[in-house]
Amino acid sequence: MLRRVNRVLQRLLELGPVAHVRALASSWHGRVILLVVVGGLALPIHYYMPAHRDPHDERYAWRMFSPMRMAKCDAKVTKNGAPLDPYTEFHEAWVTLAKRGRFHVIERMGEHLCAKYPHTDITFDLTCKYLDDTTEHYGGFNMCTVPYL
Amino acid sequence: MAKKKQRSSKPRPRPATPAVEPATPVDAAPKKSKRSARVAPVRAPAFWFGFEVAWAKLATARVVMFALLAIDALLQIRHAPRYGAGDFNVAHLPFLDGAAPGRTGYEVGQLLLAYLFVLAALGVATRVIVPVSAAIYAWLYFGSHLDSYQHHYLVALLLGIASFVPWARPARAEPSTPVRSWAVRLLLVQLGIMYLWAAISKMDPLWLDGRTLGAQLGGSLRSLVDSTVGLKVVAVLVLVVELVLAATVWLRPAWRVAAPLGILFHAGILVADLEIGLFAVLMLGLYVLVVPDRVWIALARTEKAAMQLVQRLAGRRGGVAWIAAVAAAIAVGILSRFEHGLAVALASCAILAAIAVAVWWRGTGMSSAAPLAHVCALLLWLVVDRASTVAYDYYRFWGSSQRRLGDHGQAERAYRKLIDLAPDDALGHYQLGRVLIATRRAADGIAELRTAQTLEPARARAFVEEARWLALDGKRTEAIERAKEAVRVEPSSAEARQLLQALTSNKRPPKPVASRDDDAESP
Chain A
32 MLRRVNRVLQ RLLELGPVAH VRALASSWHG RVILLVVVGG LALPIHYYMP AHRDPHDERY
92 AWRMFSPMRM AKCDAKVTKN GAPLDPYTEF HEAWVTLAKR GRFHVIERMG EHLCAKYPHT
152 DITFDLTCKY LDDTTEHYGG FNMCTVPYL
Chain B
-16 MAKKKQRSSK PRPRPATPAV EPATPVDAAP KKSKRSARVA PVRAPAFWFG FEVAWAKLAT
44 ARVVMFALLA IDALLQIRHA PRYGAGDFNV AHLPFLDGAA PGRTGYEVGQ LLLAYLFVLA
104 ALGVATRVIV PVSAAIYAWL YFGSHLDSYQ HHYLVALLLG IASFVPWARP ARAEPSTPVR
164 SWAVRLLLVQ LGIMYLWAAI SKMDPLWLDG RTLGAQLGGS LRSLVDSTVG LKVVAVLVLV
224 VELVLAATVW LRPAWRVAAP LGILFHAGIL VADLEIGLFA VLMLGLYVLV VPDRVWIALA
284 RTEKAAMQLV QRLAGRRGGV AWIAAVAAAI AVGILSRFEH GLAVALASCA ILAAIAVAVW
344 WRGTGMSSAA PLAHVCALLL WLVVDRASTV AYDYYRFWGS SQRRLGDHGQ AERAYRKLID
404 LAPDDALGHY QLGRVLIATR RAADGIAELR TAQTLEPARA RAFVEEARWL ALDGKRTEAI
464 ERAKEAVRVE PSSAEARQLL QALTSNKRPP KPVASRDDDA ESP
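Chains as they are written, first to last, in my numbering: chain A, 32 to 180; chain B, -16 to 506.
None of these hints come from the bench; they were simulated from the model.
Owing to the predicted nature of the structure, the values given are computational and were not obtained by experimental measurement.
We treat Cβ as the ideally placed atom computed from N, Cα and C, and that holds for glycine.
Treat the hints with care, as some may be off.
Okay, the calculated beta carbon distance ranges per label pair [unchecked claim]:
no., chain 1, residue 1, chain 2, residue 2, range
1, A, V177, B, K490, 40 to 48 Å
2, A, A50, B, D80, 41 to 49 Å
3, B, R369, A, T119, 30 to 38 Å
4, B, D80, A, G70, 17 to 25 Å
5, A, L66, B, G346, 35 to 43 Å
Straight-line Cα separation of at most 27 Å, DSS-like style, residue types lysine-lysine; simulated pairs [what the hints assert, rightly or not]:
no., chain 1, residue 1, chain 2, residue 2
6, A, K147, A, K160
7, A, K130, A, K107
8, A, K160, B, K215
9, A, K107, B, K467
10, A, K107, A, K147
11, A, K130, A, K110
12, A, K160, A, K110
13, B, K215, A, K110
14, B, K467, B, K490
15, A, K103, B, K467
16, A, K103, A, K130
17, B, K494, B, K467
18, B, K458, B, K490
19, B, K494, A, K130
20, A, K130, A, K160
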């Protein structure tokens, strides 16, 4: 079996990487292959880059069942300082996403509430507890003036 | 799209052996560009363009994968009420924010997908249907963060690649006839990439010490792991298995390792009862492509009689089957309990008509394959509808989310549909009663609550709700009687006891307990 595996790998590399890519790029079929392979290998890297500001957003990174998925966040919403029940404003599926700490979703929820209740202070206080027993706190600002967590 | 393999006019007899890796690179790229006439032709890498699988395997993969996707699409319909609820959405891709599906769009999209997937499974117009399905699936997935499961992302990618697979049966193909397809290799490479990154994400102390697995694993498998090797060993094993699969799943000679390992791995995930819906089953379906070709060739030969019968049925000509298919669509549409079942069933007739026009245009004869597939697709709707709680859940979740968001009109509509669907189920009557009372139609509301009390005589909630309304209406004595009844029928109900205590001590009735909203959708 190993000899056969070796033969296939030799076939994969026989043209050399540059010639292989060039050969692929010369037809539209090959360009599709390049797009899928290069994109597939490269896209998940974004999660591990320092620029990726939301550790809870594991989309497109193939991090199924990861430790981060186990984070539990408590999302408190206030309107002019008074607690606001998110379940009366958003479908429970959105609240669940907020409880998973998804920054982008929370920021859009804030934007939605600011538009719905103009001239008010809307705050999201996000406290996340991780599997290693550490706790992080995010937000707490008026999202109508600082629309980011 | 999937390009038909170029063949000479005289069919060449094919060897009755499983497809193998070609010995030499393919001489020419699949399609020459205009420039290629002037410059030297580029050798197409045989790794991609020489990849062949037996027709028996490709056909089995087509049937299994698309049938599973069809069932999955129908099961997804219960999630439709999330979409567009409260006029809020966040799309995966920002430009889709304005074009994201709402409840109706999502439901109709999934019904249509289920229909198209069955047509694809049965090999009807795959060159058009698979890309169209891929586009609809991508729209539904990328249209909202509500669907964030990575397996749906994987399915969206695989459908995109599957659009380039030649799923249609080549002329005079036998089970062992090799079919060349770079897209099948790409499907397998995509799986390998997924396994690689999944393994990388597990190179984390919190995974390796078994804590992450321990937080997710439950049921009998958890007991088995705890009583044998322990979580830590299993966590390391999962990482190793994913790395091995990443390296072997796309390599034909290594399929003897990848197939049993991958099937065991995903069967284990299935037993683990993780909240991933049909994903583990779908992954097992994908392993049809990894199981060595000779298995499917042998299976196809043993089932020769059945396959010939199917081919004979599908090959039969005549307009009767087409007319029967339209009649079946109307019948299934009427019997279907999905909200837009009839409309989509009628729309499916338009798809069938388009296929008929294409068949007539090409002059290939009006075989019964398309109408047969059409009937099978619609029957699947009916089977899934009747054998599952999808339609029931759809109305239940729709009603509950709209009630919570304060849209009583939509909530009432949903609960009335729920009652039509399950008149003997107390939940619809109970929730409708609450909505009617909230919208100042107390007499109708109380009548619904009374129906609920009859249907679930051992539950306090409908009695509690009636007592609460009587108290707020100033009928304290009657309220106390109903609260006593609530405690009598369900002595363990803390809410009933609290209400009775408040009423007998002349206090305001306590606010409803949130946990009583037992029709909330768990995302």
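Comparing the hints with the structure gives:
1. The beta-carbon spacing between A/V177 and B/K490, approximately 43 Å, falls within the hinted interval of 40 to 48 Å.
2. For A/A50 and B/D80, the Cβ-Cβ distance of about 43 Å falls inside the hinted range of 41 to 49 Å, so the restraint holds.
3. Checking the proposed 30 to 38 Å range against B/R369 and A/T119 shows it holds: the Cβ atoms sit about 35 Å from each other.
4. The hinted window of 17 to 25 Å between B/D80 and A/G70 holds, with their beta carbons roughly 23 Å apart.
5. Judged by the Cβ atoms, the range 35 to 43 Å given for A/L66 and B/G346 holds: they are separated by roughly 37 Å.
6. A distance of roughly 30 Å separates the Cα atoms of A/K147 and A/K160; the hinted pair therefore is violated under the 27 Å criterion.
7. With a C-alpha separation of about 10 Å, the suggested pairing of A/K130 with A/K107 holds against the 27 Å cut-off.
8. At most 27 Å may separate the alpha-carbon atoms for a hinted pair to count; A/K160 and B/K215 meet this at roughly 22 Å.
9. Taking the CA atoms of A/K107 and B/K467, the gap is near 37 Å; set against the 27 Å cutoff, the hint is violated.
10. Of the pairs offered as hints, the one joining A/K107 and A/K147 holds, with about 18 Å between alpha carbons and a cut-off of 27 Å not exceeded.
11. Only pairs whose Cα atoms come within 27 Å are accepted, and A/K130 paired with A/K110 is accepted, the gap being roughly 18 Å.
12. Proximity of A/K160 to A/K110 is assessed by CA-CA distance (about 24 Å); at most 27 Å being required, the pair is judged to hold.
13. Of the supplied pair hints, the one linking B/K215 and A/K110 is violated, its CA atoms being roughly 45 Å apart against a limit of 27 Å.
14. For the hint pairing B/K467 with B/K490, the CA-to-CA distance comes to about 16 Å; that is within 27 Å, so the pair holds.
15. As the CA atoms of A/K103 and B/K467 are separated by approximately 40 Å, the hinted pair breaks the 27 Å bound.
16. With a C-alpha separation of about 6 Å, the suggested pair A/K103 and A/K130 falls inside the 27 Å cut-off, and the hint holds.
17. With a CA separation close to 18 Å, the supplied pair B/K494 and B/K467 stays within the 27 Å bound.
18. Distance check on the hinted pair: B/K458 and B/K490 sit about 14 Å apart at the alpha-carbon level, within 27 Å; holds.
19. At most 27 Å may separate the alpha-carbon atoms for a hinted pair to count; B/K494 and A/K130 meet this at roughly 25 Å.
20. A distance of roughly 11 Å separates the Cα atoms of A/K130 and A/K160; the hinted pair therefore holds under the 27 Å criterion.
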